[in-house]
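Its first residue numbered 1, the sequence shown is counted upward by one per residue in my numbering.
In short, the hints are calculated from the structure, not lab data. Check the hints yourself; a few may be wrong.
[What the hints assert, rightly or not] Pairs of lysine to any residue, SDA-like flavour, derived with a Cα cap of 20 Å:
| id | residue 1 | residue 2 |
| --- | --- | --- |
| 1 | Lys65 | Thr27 |
| 2 | Lys24 | His13 |
| 3 | Lys29 | Pro46 |
| 4 | Lys29 | Trp66 |
| 5 | Lys63 | Asn20 |
| 6 | Lys24 | Leu61 |
| 7 | Lys24 | Ala64 |
| 8 | Lys29 | Ile60 |
| 9 | Lys24 | Glu88 |
| 10 | Lys63 | Ile26 |
| 11 | Lys29 | Pro49 |
| 12 | Lys63 | Ser3 |
| 13 | Lys63 | Val84 |
| 14 | Lys24 | Asn44 |
| 15 | Lys29 | Asp10 |
| 16 | Lys29 | Phe68 |
If you're wondering where the values come from, they're calculated on a predicted model, not measured in any experiment.
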Amino acid sequence: DHSVDFAFLDGGHSIATVQNDYAKSITSKVIVFDDYFTHDHSGNIPDAPHLGTNVVVDNILDKAKWIFPSTDPVREGGITHLAVIVNEGQPPHNKDVLLVPLLMSP
1 DHSVDFAFLD
11 GGHSIATVQN
21 DYAKSITSKV
31 IVFDDYFTHD
41 HSGNIPDAPH
51 LGTNVVVDNI
61 LDKAKWIFPS
71 TDPVREGGIT
81 HLAVIVNEGQ
91 PPHNKDVLLV
101 PLLMSP
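The whole structure should be built from the sequences, with the hints applied where relevant.
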């Protein structure tokens, strides 16, 4: 068994790369994806080739998941977030109380 309790996925942004990373960590108890993008206040979001995490996470329908709120802007437009998938158990009942606004700077 090569599963881990916690996997942090922060590789390439293409759909194929994110799908491959997810497939290799699918048995992990908790999987955190970096670079889940939403629109910024101007309606901008990164181009489609960079939205692999969004496509993969949005198509995971049978797992407990949530997107951490963030105000971290992306240079090309958009906001970047962490997406969390929970394979064992459920997200904390009061998960919003545990959240701290994330600020990531390169």
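Looking back at the numbered hints, which does the structure fail to meet, lowest number first? Violated hints: 3, 11 and 14; rest satisfied.
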